[in-house]
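Trainee: What follows is each chain in one-letter form.
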Amino acid sequence: MNKHSFLKRLADQLSGLPREEIDRLTEYYTELIDDKVESGMPEAQAVSQLGPVDEIARGIWAELDSGHTVPAPPVQDPHAGFGARLTVAICSSLIWFPLYVSVWVVVVALYASALGCVVGGAAYAVLSVFVLVQSAAVGIFQIGACLICVAIGLLLFVGSNYLAMYLIRCTKFFLHGIRYSFRRQEVQE
Amino acid sequence: MDIQLKKGLIEVCVLSALSRGDSYGYKIIGEVSNCIDISESTLYPILKRLEGNGCLTYYSQEHNGRLRKYYSITLDGKSKISDFLNEWEEVEAVYQFVLEGEKQDE
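Order-wise, the sequence lines are chains A and B.
Here the first sequence is numbered in the working numbering, starting from 1331 and rising by one per residue.
Here the second sequence is numbered in the working numbering, starting from 3 and rising by one per residue.
Be aware that a few hints might be false.
Heads up, incomplete: computed chain A residues facing chain B, CB under 8 Å, no partners named [stated by the list, open to error]:
no., residue
1, Glu1368
2, Gly1381
3, Ile1386
4, Gly1389
5, Glu1393
Hints are computed from structural coordinates only; laboratory data are not their basis.
Even glycine gets a Cβ: it sits at the ideal position worked out from N, Cα and C.
Can you make the complete structure from the sequences, with help from the hints?
Mentor: Here is the structure:
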């Protein structure tokens, strides 16, 4: 294994540590390998002398578990700023709630338009058969226009579906956020 | 050897190596391994702990087109060596006590 692969594997196995700590460990091992190479040792041998990467990473994690090397991250108060967040949410609801309802109204309107285009187009196409008997050119033109109308209706339906799905996902995400805030409040009580 | 005891001894050895002059990881391992078994992965947490305790500081200096980290012993580090030397008499007394107990047991 060469130096680059060794350092990459080590960094991978240490993912989860603070970035600063990973950089520091990587610098430490880079320097050791460079010094060994400088003293005349082949790079592969310098790397193999350090031992298996898994073992090194295990040792580092074990050292961290024993609480000697890196102090535990400061415990943050999970309820800090809850009141402020709630106030902001309620005040901002004056803006986002009407917006949210308007977007749903647009979606419903699109569905209604799609339905109108499809049903209207299909019905008029059937009626155009009678026109076809009287005048072939006018009849064909009418049936063509009706089919275009049906196609537009189907496209609108597909577009509305995409928009509705996206809105549902956003709503779920939003509700999850509210539930999370309430859980934090329960813990506090 | 007990792991904690060994860690403590390596700490003092590292400080002693630094009391001879500023040094870097590879050189420290070379010097300390003359008296106690030490690996690269053992040295890192010890250096970090000693730095955290204020026993050493470090600085980076260019060497052959790259940066190398040099460690320096502080006054606290020197004081830790003195403490170790002072405590050793007590450790020797304990050792003699345990040894005599073993002899009587035989």
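Trainee: Return the numbers of the hints above that this structure violates; sort them in rising order.
Mentor: Structure breaks no hint.
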